[in-house]
Amino acid sequence: MILKTLALEPLHGDGIGIRIEQISKEVFQVNAGSLFPALRRLERAGLLNSEWRETENSRRAKYYILSTEGRGAKG
Amino acid sequence: MSIFRNFIAGLRTLFRKGQVEQELDEEVRGYIESLVEERIRAGMPQEQAIRLTRLETGSVDALKENVRDVGWEQVVGSLWQDVRYGLRMMRKSPGFSAVAILTLALGIGANSAIFGIVYGLLYRPLPFPDEGRIALVHMHFSPQNNSRGNLSVADFVDWKNGNTVFEQVAAYSRSRFTLTGESAAEEVAGAAVTADFFSILGMKPILGRTFQPGDDSAAGPNLVVISASLWQRRFGGGRDAIGRVIEVNTNLATIIGVVGEGFGFPGAHIELWQNVRLKVTRRGPFFFQGIGRLHRGMTLDRARAETNLIGRNIERANSGVYSNLTMPVESLRNYLVGDLRPALLMMFAAVLAVLLIATVNIANLLLARATTREREMAVRLSRGAARRRLVQQLLTESVLLSLTGAAAGLLLAFVGVRMFRAFNPANVPLAFQVQLDWSVLLFTLAISVAAGVLFGVVPAIESARGDLQAPLKEGGRGGTAGTGHHRTRAVLVVAEIALSLVLLVAAGLLLRSFMLLQKVDVGTSAPPANVLTMMITPKTLRKTGIQFTSDNGIISFYLRVMESVSRLPGVQYVAISDSLPPDQGGEDDTFSIPLPCWQVTAGPCRRLPGTRAGAPGRPEASFQRPIAQKLC
Numbered sequence: 001m002i003l004k005t006l007a008l009e010p011l012h013g014d015g016i017g018i019r020i021e022q023i024s025k026e027v028f029q030v031n032a033g034s035l036f037p038a039l040r041r042l043e044r045a046g047l048l049n050s051e052w053r054e055t056e057n058s059r060r061a062k063y064y065i066l067s068t069e070g071r072g073a074k075g
Numbered sequence: 001m002s003i004f005r006n007f008i009a010g011l012r013t014l015f016r017k018g019q020v021e022q023e024l025d026e027e028v029r030g031y032i033e034s035l036v037e038e039r040i041r042a043g044m045p046q047e048q049a050i051r052l053t054r055l056e057t058g059s060v061d062a063l064k065e066n067v068r069d070v071g072w073e074q075v076v077g078s079l080w081q082d083v084r085y086g087l088r089m090m091r092k093s094p095g096f097s098a099v100a101i102l103t104l105a106l107g108i109g110a111n112s113a114i115f116g117i118v119y120g121l122l123y124r125p126l127p128f129p130d131e132g133r134i135a136l137v138h139m140h141f142s143p144q145n146n147s148r149g150n151l152s153v154a155d156f157v158d159w160k161n162g163n164t165v166f167e168q169v170a171a172y173s174r175s176r177f178t179l180t181g182e183s184a185a186e187e188v189a190g191a192a193v194t195a196d197f198f199s200i201l202g203m204k205p206i207l208g209r210t211f212q213p214g215d216d217s218a219a220g221p222n223l224v225v226i227s228a229s230l231w232q233r234r235f236g237g238g239r240d241a242i243g244r245v246i247e248v249n250t251n252l253a254t255i256i257g258v259v260g261e262g263f264g265f266p267g268a269h270i271e272l273w274q275n276v277r278l279k280v281t282r283r284g285p286f287f288f289q290g291i292g293r294l295h296r297g298m299t300l301d302r303a304r305a306e307t308n309l310i311g312r313n314i315e316r317a318n319s320g321v322y323s324n325l326t327m328p329v330e331s332l333r334n335y336l337v338g339d340l341r342p343a344l345l346m347m348f349a350a351v352l353a354v355l356l357i358a359t360v361n362i363a364n365l366l367l368a369r370a371t372t373r374e375r376e377m378a379v380r381l382s383r384g385a386a387r388r389r390l391v392q393q394l395l396t397e398s399v400l401l402s403l404t405g406a407a408a409g410l411l412l413a414f415v416g417v418r419m420f421r422a423f424n425p426a427n428v429p430l431a432f433q434v435q436l437d438w439s440v441l442l443f444t445l446a447i448s449v450a451a452g453v454l455f456g457v458v459p460a461i462e463s464a465r466g467d468l469q470a471p472l473k474e475g476g477r478g479g480t481a482g483t484g485h486h487r488t489r490a491v492l493v494v495a496e497i498a499l500s501l502v503l504l505v506a507a508g509l510l511l512r513s514f515m516l517l518q519k520v521d522v523g524t525s526a527p528p529a530n531v532l533t534m535m536i537t538p539k540t541l542r543k544t545g546i547q548f549t550s551d552n553g554i555i556s557f558y559l560r561v562m563e564s565v566s567r568l569p570g571v572q573y574v575a576i577s578d579s580l581p582p583d584q585g586g587e588d589d590t591f592s593i594p595l596p597c598w599q600v601t602a603g604p605c606r607r608l609p610g611t612r613a614g615a616p617g618r619p620e621a622s623f624q625r626p627i628a629q630k631l632c
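Residue numbers (our numbering), protein chains in the order written: chain E, 1 to 75; chain S, 1 to 632.
Among these hints, one or two may not hold up.
Simulated crosslink set (SDA-like; lysine to any residue; CA at most 20 Å straight-line) [what the hints assert, rightly or not]:
(1) 62(E) / 167(S)
(2) 204(S) / 167(S)
(3) 64(S) / 69(E)
(4) 62(E) / 19(S)
(5) 62(E) / 16(S)
(6) 62(E) / 33(S)
(7) 62(E) / 204(S)
(8) 62(E) / 503(S)
Simulated from the structure, these hints should not be mistaken for laboratory data.
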C-alpha cells in the first residue's frame, strides 16, 4: 500500500498515512505504530529512498521516495 | 543490493547513534505535529486534537523501539549490551564465577586435549600424498603366529612377482647402523629398504636423489639416503655430502641423497636408509615388512583376496616351511594407530561424560542463584521487557561463563598436548600429529558454546517465567524458590549422580583389567623378579675390541660372556637368546642351536614354540637368573 501511495509523489510520514486512508476509502486506518516500522523496513530493503526536505509549513520532515527497485517491485 | 544497503545503514546506526536517534525523534514528532495541525484545521479544538493524536499514536517510546528493531544492528547492539551486563554480573559474584569457571576449565580443557589427540592420531591427514592408498603387508603363519609377522627376502620377491593389486611394492626393515670413519663412531636408527620405498611414500629428496628401480639389484653397490638431521650433524650440511663414501656397519656405502624434515618412516627417528640387495638364498630370515601403494580404486578387500592367493602359492611351493599362511593387508593408518582406536574413542566418551556432569552441576548452581535475582527479573518484566530478551540475556551470561572457562581450559589442553608428545605413552609413531591448532580451537569454541547453552537454558527459562507479584511485594527477597525450581533441581541432581556412577564403574573396570594384565602368566615358572636380562649391542661389543668376522669368533665371545656371568654371585643359570618370552623384539628368526655345541643351521630358520635358542641353560621356556640377549 505504501508503495502504491508513493508511486504518485514523494511524501513524508504523515502525508503517507493520510493518503493511504484516502486511497483505501478509509478502509485502512493507518496507525503510526505500524507505519513507521514498515517505512524503515522498506527503506532497508532498498525499495525506498529518503531525504529531508521542508514541508509546506516550512518544517523539516523526512520524505520517502520510491526507488527504481521499488518502482519495479510495485509491479 | 539491498543487503548491502541494509548493512551500511546498520553500521551508520551503530556509529552515529546520536544523529540517527535525533532524526527519528524529529520524524516522529513532526508526524504528530502535522496530524494535530490537520485536526485543528479541520475545526477540532487544540486540546482535543492533541489528546486524540496522542492516544492514536500510543507510546512514543514503544514506537521508536519498534522502528529500531527493524534493523539488524539492533540485535548486535543488544548482544553487546548483554555481554557487558553479563561481565558485570560475573564480577558481582566472584565466588560463584570462580567455581563455575574452574569446573568448566577442567571439563573443557580435558575435552580439547583428548580431541587434539584423537583427531591428530586418527583423522588428521598424514604427511604422505594420497595416504589412503598406502597399505602394509605382513605374513601370518604357523608356528610364529604373529598376525603382523615379517617377510623374508624370498617372500618379498615372490610377492612382488605375483602382485597385481599394488602399483608399487617395497619392503623395509628397521635396524641400527653404526657409522664409523672420519668422525667419532655413532649409532643411528635406520632402515633397510628396497628401491620403490621412497616413491611409495612420496618422500622427496632435498638434495641428491632417493632410491629408484634397480637400486636393490643383487649385484649393485651399497647406497644410503640420509635424513636432514644426520646431514647437518655429521656432514655439516654441505652439498659435498652427496657422493661421499662412508662406513656403515663396517661396509662402505655411498650417500646419494638427503631427505627433508618431516615424518621419518618407519619411525620418527630414522636417519638413514640403506638399499636392500634382493638376493634370495634361503627362506629367511624374516625381517621385512611389506608396503605398497594400491592401484587407484582398488579396495582393501580385493587386495586382501589377491594377496592371500600369492600367500597360498608361496605355502604350496615351500611345503614344510609355512602352514596356514595368510598375507594380511592393512591400511597405513590402521597399522600405525588402528589398535588404539577403541581406547582413544573410549577416552573421548569419558571426558565428554565428565563435561556433561560439570554442565549439570553448573545448571544446578545457576538455578539456586536464580532465586536471588527474582526481583531483578520481575522489575524488568513489569517495565515491558520481552521474555525472549530476558532469556537472551541470561543465555549470554551463561555462554560468557563457559567461554571464559574454555579459555582457561585451553591452557590446560596446551600442557596436556605437550606432555603427550613428550612422553608418547603409547609409543605411537604419529605423536607429532597431535597439535593444538585451528581444529582444536574450533572444537573448543563449539563445545563451550554448546555447554553454555546447555547449562544456561533451563535456568534462563525458569527465571524469565517468573512470577511478577511476589518478588515485588515489600521485603520480597524471595526465600523459597517455588516448587517449580525444586523439581528441576532434583532432576538435575539425579542426572549428575547417574552420570558419575557410570563413569566410576567404567573406571573401576578398567583398573581391574589393567591389574589383571600385570599378572598375566608369561610362561615362565620362575618368578619374573628373579630373571634379569641384559642386551649386548654392537656398541658394547666394539668396546671389547673383538673382531667379528668369523662365526667362531662370535661364538667363542658369547661362551666367554656366559662363563663370566655364571661366575657372578647369586647366578644360578645363564642362557643366551635372541628374544625374550613373550616375544619382544619381533624379529622372529632364530638360529636354532642344538646343545651343547653351537652350529648355524643351513636350512630354513624356524622358531620352535616355547623354545629359546640358548646354551647351555634351559631350552624350555622357563629359566632363572640372568640371560643375555643377542640381537640376531
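Item to complete: Give me the numbers of the hints this structure contradicts, sorted from smallest to largest.
Response: 1, 3, 7, 8
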